[in-house]
Amino acid sequence: MNTLIKLSLLPLLLPAVAAAQDNSELEKQAKEKIKAFATNLKSELSKAIQQGGLEQGIRVCHHRAPEIAAQSSNEGWQLGRTSLKLRNPDNAPDSWEQNILQQFQGRFEDGESLQNMAVSAKLDGQQTKIYRYMQAIAVDSVCLACHGQDIAPATRAMLEKYYPEDQATGFQAGDLRGAFSLTKYLEQANQ
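According to the working numbering, the residues represented by the sequence shown are 1 to 191, in order.
Don't read these hints as lab results, they were simulated from the structure. Note that the coordinates shown come from a computational prediction; the quantities given were computed from them, not determined experimentally.
Dumping the calculated DSS-like pairs for lysine-lysine here, alpha-carbon to alpha-carbon at most 27 Å: (1) K35 <-> K184; (2) K122 <-> K184; (3) K42 <-> K31; (4) K35 <-> K47; (5) K85 <-> K35.
Build out the structure end to end from the sequences listed, making use of the hints.
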């Protein structure tokens with residue numbers, strides 16, 4: 001009798017198992033995209049700073065970060081970065097991202113580590129199903145030269161030139177800087 005009940009429940013459980021595996025694969029892909037983007041951006045920034053100081057790093061960040069994000073936005077993925085304290089207004093969060101960023105900030109203030117802080121969701125869009133993934137970005141000590149509390153006057157002038165609406169300063173190492181945000185359109189919704 002027990003076996004009969006288990007077998008009758010199997011068709012109900014299989015879609016849930018398949019969905020969990022699908023979400024796991026999407027999360028793995030999202031993490032790989034983030035790693036590649038972050039590695040490329042960090043490499044270009046480090047090289048620019050070594051060659052021309054922070055001012056060159058700001059120029060490279062201004063021009064290359066969007067290009068690297070665009071290059072990483074392939075295979076159906078769209079990749080970007082967003083924050084509650086923006087440097088570039090083009091990276092303003094949408095309502096879903098804003099909500100997740102506020103959750104991240106609350107979790108961080110409650111003592112949770114940013115190291116593995118992430119959220120994923122499958123959402124029904126107007127015409128498609130969408131997978132969304134966000135992963136927190138912590139402020140590293142090397143970031144403080146441009147995002148910290150004591151920014152050199154020449155660096156501040158360069159930031160004002162490239163980012164006149166900059167709000168992304170005043171951070172301390174370990175603070176929540178923002179998040180990587182990824183979207184993948186999965187399939188057409190039933191109409």
